[in-house]
Amino acid sequence: MGKKFILIKLVIVALFFGSSLTAQQHNHDHSGHHHDHSSHDHSGHHHDHSGHDHSGHDHSGHDHSGHDHSGHDHAAHDHGSHGHHGPVCGVAHDDTFDAGKTAFHHISDANVYSIGPLQIPLPCFLYAPGTGWDVFMSSKLKFDKIGHGDGGKAYNRYVLDGGSIRRVKDASFPMGDVSISGFVHQDDGYFVCHNNKLYETEAKSTADGGLFGGGITSFYDFSLTKNVTSMLIVTFLLSWLFLSIARRYKERDGMAPKGAQSFMETMFVFIQDEVAKPFLGAQYMKFLPFLMAIFFFILGLNLFGQIPFFGGSNVTGNLGVTMVLGILAFLVTNFSGNKHYWEHILWMPGVPAWVKTILTPVEILGIFIKPLTLMLRLFANITAGHMVIIIFVSLIFIFGDLGNNMGAGYGTAVASTLLTLFMMAIELLVAFIQAFAFCILTASYISAAVEESHEPH
Amino acid sequence: MFFLADFNVIRPDFGLLFWTSLIFILFWLLIGKFAFKPIAQALRKRENDIQGALDEAKAAREEMANLKAENEKILVAAREERASILKEAKEAKNQMISEAKESAKSEANKILNSAKAEIENQKKQALSDIKNQVGIMALDIAEKVIKKDLKSDSNQQSFVESLVNDIKMN
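Taken in order, these protein sequences are the chains called E and S.
No gaps in the numbering here: position 222 of the first sequence is 229 in the numbering used here, and each next residue is one more.
No gaps in the numbering here: position 73 of the second sequence is 1152 in the numbering used here, and each next residue is one more.
Extracted from the complex, chain S is given alone in its bound form:
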């Protein structure tokens, strides 16, 4: 038993019980209120913040994906529209060209025809001119011949005139 007399750590002492209770309870209540709880709350808040940020990022990513899909759709639609517009334009162009060709052709024909008519008129006029000229010339020639040979025989003059008219027929 004496050996244990010095082993006084197994013998609780009122003083130590009192001080331990006091110190520990103060530590528990004060530090619990002013440190442990605020720290735990800060940690919880941070956890929520991080979770919130992650969720937000996920939502943003999803939105981005949606947006991208939509853009894709719009792009496809735009491409289709462009193709159709191009097609229409091409058709319009071809039509315009063919129309232009058509009108040019008809215009050309018209011009050709009027040119032909003009030429015909001119030719006719020229022929009649030539006929008159030739008549006068032939008359002159005949006058000269007749003056020389026939002297103003009116029968003969009418005869020549009929001859000249015959020429005009040709």
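Chain E with its partners taken away, still in its complex shape:
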């Protein structure tokens, strides 16, 4: 099994990506989430306050029942009626439905775990330089348990807006438990209503340094978020599965595999014999745990994210998660790199000196580009898949005009159910392909780093 074999494999893999990417482009999918909007759709927020501040009757409840899918995009339009004095608590909003925002909301991480319309509180670990650590359950922020995860309270300036922890920018906002009356989302920022006054909130905690519009936040969210919870569930399930299988191998030594053991063995042997052994040869055992962990971790999370109404977590579709995996692939590759590998990168033998001056920077860039592509490919495939399914479901609300055109709504519901079904089938395939792709490419990078001899070029 020389280079030739590996090359053929890579070509096959490349074809796979191509097809899967194109497939994604028209389809992507994702299910998991639709439930969300059907049940709530964020209308919640402003409606709540709209009532309560001015007119005096607080019907925070009523919106959910009434216009479910309406709202959500809050604000943005008040300027018409209210002119220019910026956001106002309790303004009425027009009922438009923004499928893009719905999709973004549902693929993003949250501090609540959603099972269908039910929102389950999760532990929050928040750190803000100056104030230090704040540890509490997100239920402390009094969010709606059936609904959208909009908090009714602020704690130490932290609020729960649409299931996510944000922090009030204004340092004059009272610390400790404070009652709040709603949220306003506008083009110029997200706001929270307190005492009939709007306070701007920071973006969700990020580490992007403002690169992708996240801005630099004054706090860091180390909570067990929805994604972390899903990751824990999947990792525990996988650990339990593999530990019990490993025990089976010991107990049933010398016997044929049985049950879950033989089911998982097909996948295990597939990765071992089609990925680890051909690429790494005699050294395969050394890297096998990493490759297996990569494959089953990604596969498990990809599949878990597809379970409708159960968290709908988009873990492998979060750049942070794929970044960690990419960085680890990078570290494992380069720390295993032998002399031959570095020689080829830094001073390629057998080429003229002037070519080396071009080749070396390219090779050095390559070291970083390889894990970068791993990170982006997985992220893009899974996120795109999730979004397409949300958009398909959103079509029902767009064509149904949010309940004003029931005929079109039902018609679209049938069509979009079929489309979603199709997409979910594709996503099932993508879940495997992407896990396999990440694994086999990592194996090929490692194999390049540990390869001893080289054939003549």
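A couple of the hints might just be wrong.
[Stated by the list, open to error] No farther apart than 35 Å at their CA atoms in a straight line, the calculated lysine-lysine pairs in the DSBU-like style are these: (1) K1202/S - K1223/S; (2) K284/E - K1137/S; (3) K1112/S - K284/E; (4) K346/E - K1112/S; (5) K265/E - K1116/S; (6) K363/E - K377/E; (7) K284/E - K265/E; (8) K257/E - K1116/S; (9) K1137/S - K265/E; (10) K284/E - K160/E; (11) K284/E - K257/E; (12) K1112/S - K257/E; (13) K1223/S - K1203/S; (14) K346/E - K1124/S; (15) K293/E - K1184/S; (16) K293/E - K1116/S; (17) K265/E - K293/E; (18) K1189/S - K1210/S; (19) K1124/S - K257/E; (20) K293/E - K377/E; (21) K293/E - K1124/S; (22) K377/E - K1169/S; (23) K1116/S - K346/E; (24) K1137/S - K293/E; (25) K1189/S - K1203/S; (26) K1137/S - K257/E; (27) K377/E - K1116/S; (28) K1180/S - K1169/S; (29) K1203/S - K1180/S; (30) K1124/S - K265/E; (31) K265/E - K1112/S; (32) K346/E - K284/E; (33) K1147/S - K1169/S; (34) K284/E - K1116/S; (35) K1152/S - K284/E.
[Claimed, not checked] Derived Cβ-Cβ restraints for the label pairs, each shown as a range: (36) I376/E - R1123/S: 29 to 37 Å; (37) G123/E - D1128/S: 45 to 53 Å; (38) P356/E - R1125/S: 36 to 44 Å; (39) D1128/S - L383/E: 40 to 48 Å; (40) P356/E - F1093/S: 40 to 48 Å.
Rather than coming from a laboratory, the hints here were simulated on the basis of the structure.
Just so you know, even glycine gets a beta-carbon here, dropped at the ideal spot from N, CA and C.
Starting from the known structure of chain E, arrange chain S on it as the hints suggest.
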């Protein structure tokens, strides 16, 4: 830009980076050590066992074939030996029969000869007996005749005796 404000999956977050690293690395190291490696080793052992069993079966088959060939050889040798033994036995039998025939013949001849000699003796004895008897009878007859005619003429008696001796000659 605001449109992207909600697109926060592209914005890595320290918390998620931290938890992902922690969970994945633990999964990798622990499950790698306690599950993936043992499973891979069990698979490798099983593979070796199966290969070993196949090799053994092949060796056993070869041995069987060798044994069979050897048996065949022994059988052929045994058959040849049997044939030669049978041949020898046949020869011995024939020889014995002919020897027996030979001895029986000579025995028979011997018996025949002795019988002939006996018969001859008996005949001779019988003849001499008859001769004596006839002499006595002839003497008696002659006595009676002579008594009647010649009365004890000794010349005549010797004459008769010579006559009787003449008869014996025959």
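Verification of the supplied hints:
no. : hint                         : verdict
1   : K1202/S - K1223/S            : holds (30 Å)
2   : K284/E - K1137/S             : holds (27 Å)
3   : K1112/S - K284/E             : holds (19 Å)
4   : K346/E - K1112/S             : holds (28 Å)
5   : K265/E - K1116/S             : holds (19 Å)
6   : K363/E - K377/E              : holds (20 Å)
7   : K284/E - K265/E              : holds (24 Å)
8   : K257/E - K1116/S             : holds (12 Å)
9   : K1137/S - K265/E             : holds (28 Å)
10  : K284/E - K160/E              : violated (56 Å)
11  : K284/E - K257/E              : holds (23 Å)
12  : K1112/S - K257/E             : holds (14 Å)
13  : K1223/S - K1203/S            : holds (29 Å)
14  : K346/E - K1124/S             : holds (33 Å)
15  : K293/E - K1184/S             : violated (101 Å)
16  : K293/E - K1116/S             : holds (9 Å)
17  : K265/E - K293/E              : holds (27 Å)
18  : K1189/S - K1210/S            : holds (31 Å)
19  : K1124/S - K257/E             : holds (11 Å)
20  : K293/E - K377/E              : holds (21 Å)
21  : K293/E - K1124/S             : holds (17 Å)
22  : K377/E - K1169/S             : violated (95 Å)
23  : K1116/S - K346/E             : holds (27 Å)
24  : K1137/S - K293/E             : holds (33 Å)
25  : K1189/S - K1203/S            : holds (21 Å)
26  : K1137/S - K257/E             : holds (28 Å)
27  : K377/E - K1116/S             : holds (27 Å)
28  : K1180/S - K1169/S            : holds (16 Å)
29  : K1203/S - K1180/S            : holds (34 Å)
30  : K1124/S - K265/E             : holds (17 Å)
31  : K265/E - K1112/S             : holds (22 Å)
32  : K346/E - K284/E              : holds (22 Å)
33  : K1147/S - K1169/S            : holds (32 Å)
34  : K284/E - K1116/S             : holds (14 Å)
35  : K1152/S - K284/E             : violated (49 Å)
36  : I376/E - R1123/S: 29 to 37 Å : holds (35 Å)
37  : G123/E - D1128/S: 45 to 53 Å : holds (50 Å)
38  : P356/E - R1125/S: 36 to 44 Å : holds (43 Å)
39  : D1128/S - L383/E: 40 to 48 Å : holds (44 Å)
40  : P356/E - F1093/S: 40 to 48 Å : holds (42 Å)
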